[in-house]
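As they're listed, the protein sequences go chains A and V.
To get my numbering, take the position in the first sequence, counting from 1, and add 389.
To get my numbering, take the position in the second sequence, counting from 1, and add 38.
Be aware that one or more of the hints could be misleading.
What the hints assert, rightly or not - If we take Cβ atoms under 10 Å as the criterion, some of the chain V residues that face chain A in the derived model are:
#  : residue
1  : Y52
2  : R77
3  : I80
4  : T82
5  : D92
6  : R128
7  : I206
8  : E215
9  : D315
10 : T337
11 : G378
12 : G381
Unchecked claim - Covered stretches of chain A (in silico footprint by chain V; criterion: 3 or more residues with CB under 8 Å from a CB of chain V, positions within the stretch not fixed):
#  : stretch
13 : 734 to 745
14 : 884 to 898
Stated by the list, open to error - Below, computed lysine to aspartate or glutamate pairings styled on EDC-like, alpha-carbon distance capped at 20 Å:
#  : chain 1 : residue 1 : chain 2 : residue 2
15 : A       : K739      : V       : D369
16 : A       : K897      : V       : D201
17 : A       : K484      : V       : E213
18 : A       : K480      : V       : E376
19 : A       : K816      : A       : E806
20 : V       : K64       : V       : D106
21 : A       : K739      : V       : D314
22 : A       : K687      : A       : E657
23 : V       : K253      : V       : E376
24 : A       : K480      : V       : D314
25 : A       : K1007     : V       : E99
26 : V       : K40       : V       : E376
27 : A       : K512      : A       : D522
Because the hints were derived from the structure by calculation, they are not lab data.
Quick caveat: nothing in here was measured; it's all calculated off a predicted structure.
Heads up, the beta-carbon is just placed ideally off N, CA and C, and yes, glycines get one too.
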Amino acid sequence: MTVQRERISVPFKQAVQMLVPYCKSKIWEQITAVLPIVLYLIFFQSVVLGLSIAESGTIAVGIGLVVLGLAFFMEGLLLGIMPLGEILGIKLPLKSGLVVLIAFSFVLGFGATYAEPSIGILKASGSFIKPWDAPLLFVMLNQYSEYLVAFVGIGVGFSVVAGMMRFMKSISLKPFIYIVISITLLVSLWGVFDKNIFYITGLAWDCGAVTTGPVTVPLVLALGIGICRSVGGEDSGSMGFGVVTLASAFPILAVMLLGFALNTKVPEPMSKAEFFSEANKAAAVFVAGGEELYESLKSDTGDPADKVQQAINLLTVTTEKFVDAARAILPLTLLLLLVFIFILREKLPKKDEIFFGIFISIIGMGLFGIGMDFGLKKIGDQVGSRLPASFSAIEIREEGETIYNFDEKVVQTSIDESGQTSQFFFKNDKNMTYKAVPYHSENFDAKKKTYNYIPKIGPLFGENGGIGGVLVVILFAFIMGYGATLAEPALNALGMKAEELSVGTFKKATLIHSVAAGVGCGIALGVAKIIWNLPIIWMLVPAYVVLLFLTKISDEQFVNISWDSAGVTTGPITVPLVLALGLGLGGQVEGVIEGFGILSMASACPILAVLVSGLISKRRSRNILAAQGGTNESH
Amino acid sequence: MKVTEISKFTCSVYKFVAPLVLDALKDNHVNYHILQRARSVIATNKRRGFFNGDIAELEVETYHFYTDPKDEKAVYDSIVAKAGLNQEGRGSLCVETAILIEGGEDNSNIGSLDFTVKSEATDFTGVYAITQRGRGNDLARIAVNNGSCVPYVFHGKGGGIRDRMGLIRITIPAEKEMLNIVVAEHNGNGLMNLLIDGGQLDRPGMGFIFTYPVKRALMDRKSTLTVKSAASIGQIVAAIDELKNSTEWRKKSYISADLPERRYFENLENIMLICDDTQAEAMLQAAMDAGASGATISTCRSFSVQKDQNSTSQKAVEISDMVVGSNQKKDIITAVMEKGFFGKEINGRIIVKKSNLAFSYVGKKK
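Work out the full structure, taking the sequences as your base and the hints as a guide.
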């Protein structure tokens, strides 16, 4: 007596009527998420720095694409990638052995590292590193960068295995945190005794932060939720969170390990002259990665700003964005589908939804990538590169002009109170306003009789290097971090799941805003690190010691969610903006050797923020329950 | 197939009370229970801090279990005593008469499905409303502001017409919130109408609501947060509650028990299909082919004490909750049975309860 299930066919007109409000609400959601950071960047550039926005038309289109891309991508995550992960998590422990689960978890973690390449980001972060300043760091980012990725991959692989085992055996996350973080901190502290290790700590902690991308996080999260649903004890309280935490921590150890292994082969940091001395030649050639590269390093000092520009320009090819998106999503989802078909041998439920979800997530990620390059990243770069103007004088190359028929006779000499002389000339513009401009003889081309004039601005707030201007930059960093975090898709997915699983008692909005505040503080601290050239380890150690203490006194559930939010914060919106900021500052501030560390601070502070907000909300419910009269008898 | 009469308990308590309830279950040899996560909604009546509104939401654990009707009173008393439920601000407990259907060696005795759930006069009525995700608090607020007991909100997914559409179904959100409130019998219909009006449940796609008889109940009456002071209004109110042994005297009168002109469904039964994780959707489709109009599916955990009495095994289960006409019950149960409901893959069990009235938008009469 099987009744054939009748399908309801929706007429086209009605389908459109259903589709329009649905799309509208999804797009509106993303507009409200992206708008704060966009408005803020525009405001800062045009009002605070008082500069016009170059290419504003392209940027507007780009931002539109970002919104559209995020809407597609989020929906794809929720329809396709996350349900696929969850159903696999439910079925796998029931139908296959532990060995299969371990192997699968490792492959997933390792593969995720290659699927979402973060090495490009790290390379860009380190683009202005000079080999003689930090030879080990230079070697790891250039000659041994493939090893670096592989080590990070192994780290992530192990962490997914450890995370899934945790769920299978209902083990608390706390001991993992205590052990892994303590070891990582101790290893990092070793840097005090070894300059080379000292310089890679920033890189190692940043690797931990950037490995977990917008596809990996939701996928691993969903998988964990599925496993918890099918085997996990209710008492463990983790609900499926916590894997991302380990995936941020293990790679730090892996990178430090690689660092120690390579450290024996590279020389100590030294001055440039020493580096290129004959006595050091063998070591220097090794650091440079060959005779040819050694020679080119020796002759070319290179302008870091140009290199970065090139790195970002290369990525602007549209097809490349879609290839990247497909590369990030397809291999991982295919792996899951293959496991489903060949190991579980089951029919995939809601096949149409899942395939459609995967498809639109690729479309979304592609659109998003294009939009980031044309929109958000561009304006981020503009603001980032001009931000130092608030505390020091910087050149605005884009507004430079060539003065023809320049005659050296217009150059005059001025003198200050100590008798120091300097040269300047008067320049007027079309409106016949006259301005004294410093004269730099190197910009004068005597043959062509042209003078290359590059206007300078700044310091806008207070004197050169003054505290006022620095504070403006730090405040900017905070608000930018806050705004960028609100739009992060992985964080949204995490918040949604947390709210869902706690039946609404853990609010997504609370989570997102606590994390955003944390990221803001973290980026502000990271910026302070760069401006004042503080050692990253002296910020990480206290932060993590406080974290370990808060972890001790918090509930398992909050510990899992808090530490996970650290991994999800550093996503595709925050990272490029932070990078632009870090590079802008790193290129302008004297004596900065590497610009790492902002991201690792942006990981540590959100954990703090979420743990604190968890403790506050716990106290609040306890107070309410007490006022209700219920808790006067303790259990 | 085994058809037995049972007393079905629903116990919703705050997390700190949960271990006491579990102890009581152990003491009374209740060997099977289902845990569903929920939240309670209580009014705070004033702004407490920057982020907090007029209501507070607290984590709640809801336990579903059943006993033989003859043990009902003893188990009830034991839980109330052990978990201190006669104190306010701890949780609620209620009992319904129900029929349990389990799989057996021989499942061909379909004739035994011709039962009727005993309907007897009760003191309490439960109101169960299903609405879109995010609107649960709106309904809860209406109940709390009218002086009813603490409402409990659950999360679930709706299944119904949506699953029969093509991909266009993704435009209809499946996530639902379910609200459960138990009130004195004579207030049941009034509260239902308040919720229909206030929650706009008479508009298309807004939700579904039904009432059901509750045999025995001890509800957490403290649905408003009161300030701690020497002798607060709250304490005085509580004292009078205790004297009168009910909260009737302080209720703003509900709209009269006379029902407005609405088309209610009658002669209903509430079927709970309990099955292993991920199986509910297929079962629901079978039930719908046999006449059910739709259901909500919640993911819960079941705990069964093993035969040796020392260890408990737990797994994820899905509960599909549906309200159907009494005459449809047999077809639906037979249909899911044919899909292997009692088999090893699904491990199903069915609880059938009585339902009084139900309401949902059904469109204009042609």
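Verification of the supplied hints:
no., hint, in the structure
1, Y52, "holds, 6 Å"
2, R77, "holds, 5 Å"
3, I80, "holds, 7 Å"
4, T82, "holds, 7 Å"
5, D92, "violated, 13 Å"
6, R128, "holds, 4 Å"
7, I206, "holds, 5 Å"
8, E215, "holds, 8 Å"
9, D315, "holds, 6 Å"
10, T337, "holds, 7 Å"
11, G378, "violated, 12 Å"
12, G381, "violated, 16 Å"
13, 734 to 745, "holds (count 4)"
14, 884 to 898, "holds (count 6)"
15, K739/A x D369/V, "violated, 26 Å"
16, K897/A x D201/V, "violated, 27 Å"
17, K484/A x E213/V, "violated, 28 Å"
18, K480/A x E376/V, "violated, 24 Å"
19, K816/A x E806/A, "violated, 24 Å"
20, K64/V x D106/V, "holds, 15 Å"
21, K739/A x D314/V, "holds, 18 Å"
22, K687/A x E657/A, "holds, 18 Å"
23, K253/V x E376/V, "violated, 33 Å"
24, K480/A x D314/V, "holds, 12 Å"
25, K1007/A x E99/V, "holds, 16 Å"
26, K40/V x E376/V, "holds, 16 Å"
27, K512/A x D522/A, "holds, 16 Å"
In this structure, the hints that do not hold are numbers 5, 11, 12, 15, 16, 17, 18, 19, 23, in rising order.
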